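Let the hints inform the model, and build the full structure from the sequences given.
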Amino acid sequence: MLLLIQYTLIFASVLTLVALGGCFSEHSGVINLGLEGIMVMGALGGALAMRYLPIGIPAFFYILLVIFFAIIVGIIYSALLGVAAINFKADQTIVGTALNMLGTAAATVIVKAINTAANPNDVSSIIQYIEPKKKFIVSFKSFEFNWFMLITVIILACAWFILYKTKFGLRLMACGEHPQAADSVGINVLKMRWFGVMISGGLGGLGGICYILAGVSEWRFEYGVAGFGFLALAVMIFGQWKPTRIALAALMFGFFRALSNTYFGFGFLTNLGLPSTFYNMLPYIISIIVLALTSKNSKAPKAEGIPYDKGQR
Amino acid sequence: MSKEKVNLFKRPGVQSFISSLICIILGLFIAFIVLLIINPSGAFSSIMNVIKNFFWFRNPASRLKYFGETLAKTVPLLMCALAVLFSYKVGLFNIGTPGQYCAGICASIYAALNWNWGWLPCLLFAMVAGAALASIVGVLKAYLNVNEVISGIMLNWICLYFTNAVLTPVKNPTGKDTLTIASVNKGGLIPSLGLDKLFNDKYVTIAIPLAIIIAVVIMIILEKTKFGYELRATGLNKNAAKYCGMMEKRNIIVTLVISGALAGMGAGFYYLTDFEQWAVTSSTVPGMGFNGIAATFLGGLNPIGTIFSSYFITHITAGGAFVDLTKYSSQITDLISALIIYLCGFVLFMKTFMNNVIRRREVKKTGKYENYKQDGRKN
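Chains as they are written, first to last, in this note's numbering: chain A, 1 to 313; chain B, 1 to 379.
Keep in mind the hints are simulated off the structure, nothing from the lab.
A portion of the hints provided could be inaccurate.
[Stated by the list, open to error] To be clear about the criterion: a stretch of chain B counts as covered by chain A if any three or more of its residues have a C-beta under 8 Å from a C-beta of chain A, and this derived list gives those stretches:
#1 145–159
#2 244–258
#3 281–290
#4 345–358
[To be verified] Pairwise CB distance ranges, derived in the manner of DEER restraints:
#5 A:Leu269 - B:Ile37: 19 to 25 Å
#6 B:Ile30 - A:Ile130: 31 to 37 Å
#7 A:Lys191 - B:Arg63: 52 to 58 Å
#8 B:Thr168 - A:Ser142: 56 to 62 Å
#9 A:Ile306 - B:Lys242: 18 to 24 Å
#10 A:Asp122 - B:Tyr143: 49 to 55 Å
#11 A:Asn121 - B:Ile51: 27 to 33 Å
[Stated by the list, open to error] Away from chain B, derived, C-beta distances all over 12 Å, residues of chain A:
#12 Leu33
#13 Pro58
#14 Ile76
#15 Phe168
#16 Ile187
#17 Lys191
#18 Gly215
#19 Tyr308
All of these numbers come straight from a predicted model, not from anything done at the bench.
The beta carbon of each residue, even a glycine, is placed where N, CA and C say it ideally should be.
In structure tokens form, the structure reads like this:
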């Protein structure tokens, strides 16, 4: 039972972080379908930091540094989306898809190159972080508290405050609803969209490192992040682009995801005799059902996905 | 004389071709730089091996054999690219193609191995499976306004786990791959009608000419028929299509069903040749559907262009096996195709840029801006 709660909380943290990233980007008017790729790159940044940072650094600074690298790599990578979608008015769906494929391919090539350089016989795409992982976890008896859970709560509060209570957030949302109107009152739409994309890159990267630290202590980069970027987008839509609702939606999705890891611990679930495949499918099935129920009255930002053209009426 | 040259560059087909060429060259160049960073010695020969692929062999017979294999591998990619293209022309981004391809694999292999069906029923069953999966996306999109990209991705994962579960009973008891069709049911293999003799490769079958014919048919349907016109009109403006009396909801569903059928058929075309078996422990959806997106955009969203771009992408992917594997990984070719898709996002910009250059030259030559006609910027 504790294990289920633990996994639910950690997966919900990942989904909340990434979905908030998507939320910032979409409120500024850019659809970020590349979150999956951004997560992979952020995870790569964090994993490389864990590989090269000396283990002796105090836990607090160690965690900060790893997070810092994950966020920076995520932001840099999201700039690829920014340039294409904001400055060159490219199709955001194509660019997002390209970022997803590029993320996994690039991470695999980079990790394999590093592994092969260190040991010519090692052609795997695995990075191990057994010792560093312990720094992120505080154990209360059998419950493992992960610092990312706290970080997520803090970021959630900040996101809510920034979006609804600051000048910056309200301007950002204006750019996603009606960019022409925002421009007419002197808001630089392109700049705001760049902020939106970069925030989503940072949060996506953070979500990525959180995801690979969730269960195991090594990561094979060929696998990417198993559609978590897209689950996060489903969470965002279910949460109607509002931070608090996103957190609740993430808890629900996190629960079903956690169930596939822990269902064999529950007698009544194993007695049902359902194949393990069913539990693997469950989060994706639930997300389709939820999307079917909530997409009809979507509260999506009006101008999302449309490149901003000053001359347009 | 130079006026004719300018006119040539104004043509949208030529512009698409130039843009695609720029994407390819830039993609290869960036990959080359990545190789240089990883290990400077051998980077050039490795990237040349990727481009050469089967020309790497000295013996003409081996070249012909591997050319045949590359063609056989192009077939599923071409079908996936056509699936993406067909839905994109109707304004839908069918990123569920990998899942529909996976459904096609599941159906064709299971029917061939477990029910001992002949190749044609297997192929049709694969089509139906792909179409059925895609119809879910279509219904959700048409009636419940669910974003087709997200529902497509979710169904990809569901279908992957489903396929693994269904194909486990027909796997090779000692391994993780499914049994070969030749060992169980010879009638399940697509006939080759002598093409295998020509290339001296048993995987070369009639699937190759069939796929090319299908590409042409898709072209005719989209460009020359009322049905295709209605579909494209729905893609351009759903509400206008509805106002004109077209059934826009039906059109969305029909589009996705056709798209899914194409992807499913592609899977049948490939897996019913025994070229590859399905590993029931697969943890990612087949990359074929995603590469199909690359082929679609690289082909300038034209079914005939798609034939060549699919071949090109298969060619370099197969060429990935010839990089110096002691220094680099073969995933470098995935990197190239991802880069190409990314660069394809800039095609619109490239075309606008070309048109601006042409216009500036014309204005300079005639000295009159008014003479410039807007029709040069069509498309």
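A quick look at each hint next to the structure:
no. : hint                            : in the structure
1   : 145–159                         : holds (count 12)
2   : 244–258                         : violated (count 0)
3   : 281–290                         : holds (count 3)
4   : 345–358                         : holds (count 4)
5   : A:Leu269 - B:Ile37: 19 to 25 Å  : violated (49 Å)
6   : B:Ile30 - A:Ile130: 31 to 37 Å  : holds (35 Å)
7   : A:Lys191 - B:Arg63: 52 to 58 Å  : holds (55 Å)
8   : B:Thr168 - A:Ser142: 56 to 62 Å : violated (34 Å)
9   : A:Ile306 - B:Lys242: 18 to 24 Å : holds (21 Å)
10  : A:Asp122 - B:Tyr143: 49 to 55 Å : holds (52 Å)
11  : A:Asn121 - B:Ile51: 27 to 33 Å  : holds (28 Å)
12  : Leu33                           : violated (6 Å)
13  : Pro58                           : holds (33 Å)
14  : Ile76                           : holds (15 Å)
15  : Phe168                          : holds (28 Å)
16  : Ile187                          : holds (25 Å)
17  : Lys191                          : holds (20 Å)
18  : Gly215                          : holds (14 Å)
19  : Tyr308                          : holds (15 Å)
Hints 2, 5, 8 and 12 from the earlier list are contradicted by this structure; the remaining hints agree with it.
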